[in-house]
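Participant: Sequence:
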Amino acid sequence: MAGKTLIFTVCTAEHYPFAQALADSLPKELTFKVGMVGEVAAGELDVVQFRELPFEVIPEMQQRYDKPALVAAAKPFFASYFLQQNGIENVIYFDPTTFTFGDFDDILQKSTTYDIVLTPRLTRKFGKSTYGDEKMFLNTGMYDNGFFAVRKSQNTFRFLEWWQQRLTDRAYLDLCNGMNHDQLWLNYVPILFENSCIYKNIGWNVGLQNLHERVLTFKDNKWVVNLSEPLVFFNFKECLEEGTEVKKMIKDSGATKLLSRYKERLKQYTAVIPPVFSLRKSLHSPDSAFRKGLKDTLRTIVDTITYFPIYHKISK
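Going by our numbering, the residue at position 124 of the sequence shown is 162; the numbering climbs one at a time, nothing skipped.
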């Protein structure tokens, strides 16, 4: 099983240190490759360049997108390319900011049983957390784009081709037009593609988006989630954001020491941790005084038009 499984990530040269840390956490008997977007970083990992993949749409995608969007859009292209390699039956994707812990058997078992494996971004009903409310998750995607696993089958290649077609020109961050890079498209997977699995194990794909429902404890020399499930993998991407609210979420979940150890690991490969795209930060970016004033002015104009007597007369 292990020899037929390939694990990959996608990153830029700037984020190559994250891929190096991820590689340290993976079982050594599994093949690991780095999909590189843009310039290639120097290192010992097996790197495959996005521009060298055999897909005609890649040059126009490189012209169209900024780096975060291009990294997101590249995932199904790399997955399809790797899945077509001789001897490879299963392909697993992790964000480069992921670190794996403990037993990998469950991941391998799921990836060989189902054509497509996804994880939900949260598993419990709730009203509002510091990260965001229920409506925010509806707007940004129910299944997390930081992990997926696919098995070689006609159904899987149909899924990857379908995903590629949409990400060729619809991988922007534009929530008003139904786009959140590669993530929102995953909402369709359980509807359109057979033999897909939405795996709800709370030890999988822990991250800032679900810390409101998961508490981490270091017990018997291993990390445990909610005192019940071993931590399998954690995506630190949004936890690297500096801010009072983020630090509080991490502290309240018991993940402060876990994050510190991850940063220490990164220091083996980089003196300065590079900034990463954070969905939460992009949605909660503080407005400047100018922007706030402009928004208030526009809101006043809209309210004036809405309640102006002539408008009501015309609308009737």
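Rather than coming from a laboratory, the hints here were simulated on the basis of the structure.
Incorrect hints may have been included.
Claimed, not checked - Think about it this way: if two alpha-carbon atoms lie no more than 27 Å apart in a straight line, the pair counts; the simulated BS3-like pairs of lysine-lysine are:
hint: 1; residue 1: K163; residue 2: K190
hint: 2; residue 1: K286; residue 2: K148
hint: 3; residue 1: K260; residue 2: K319
hint: 4; residue 1: K190; residue 2: K166
hint: 5; residue 1: K257; residue 2: K285
hint: 6; residue 1: K190; residue 2: K148
hint: 7; residue 1: K305; residue 2: K257
Stated by the list, open to error - Cβ-Cβ distance ranges computed for the label pairs, FRET-style:
hint: 8; residue 1: C214; residue 2: P312; range: 39 to 47 Å
hint: 9; residue 1: D207; residue 2: K319; range: 19 to 27 Å
hint: 10; residue 1: C214; residue 2: G140; range: 19 to 27 Å
hint: 11; residue 1: K289; residue 2: D143; range: 26 to 34 Å
hint: 12; residue 1: S320; residue 2: A51; range: 31 to 39 Å
Note that CB positions come from ideal geometry on N, CA and C, so glycine has one too.
Participant: The structure should be examined with respect to each hint, and the outcome stated for every one.
Facilitator: Outcome of the hint check:
Pair hint K163 plus K190 does not hold up; C-alpha atoms about 34 Å apart against a cutoff of 27 Å. The straight-line distance between the Cα atoms of K286 and K148 is roughly 34 Å, outside the 27 Å bound, and the hint therefore fails. Distance hint between K260 and K319 is unfulfilled; the C-alpha atoms sit about 30 Å from each other, more than 27 Å. The straight-line distance between the Cα atoms of K190 and K166 is roughly 39 Å, outside the 27 Å bound, and the hint therefore fails.
Proximity of K257 to K285 is assessed by CA-CA distance (about 22 Å); at most 27 Å being required, the pair is judged to hold. This hinted pair checks out: K190 and K148 have alpha carbons roughly 13 Å apart, not beyond 27 Å. Of the pairs offered as hints, the one joining K305 and K257 holds, with about 26 Å between alpha carbons and a cut-off of 27 Å not exceeded. For C214 paired with P312, a C-beta distance near 29 Å fails the hint of 39 to 47 Å.
Between D207 and K319, the C-beta spacing of about 25 Å keeps the proposed range 19 to 27 Å intact. Our hint of 19 to 27 Å for C214 and G140 is violated, since their Cβ atoms are close to 41 Å apart. Between K289 and D143 the beta carbon distance is about 32 Å. The supplied range of 26 to 34 Å therefore holds. One distance hint, 31 to 39 Å for the beta-carbon pair S320 and A51, is violated here, with the actual separation near 22 Å.
When held up to the earlier numbered hints, the structure conflicts with 1, 2, 3, 4, 8, 10, 12 and fits the remainder.
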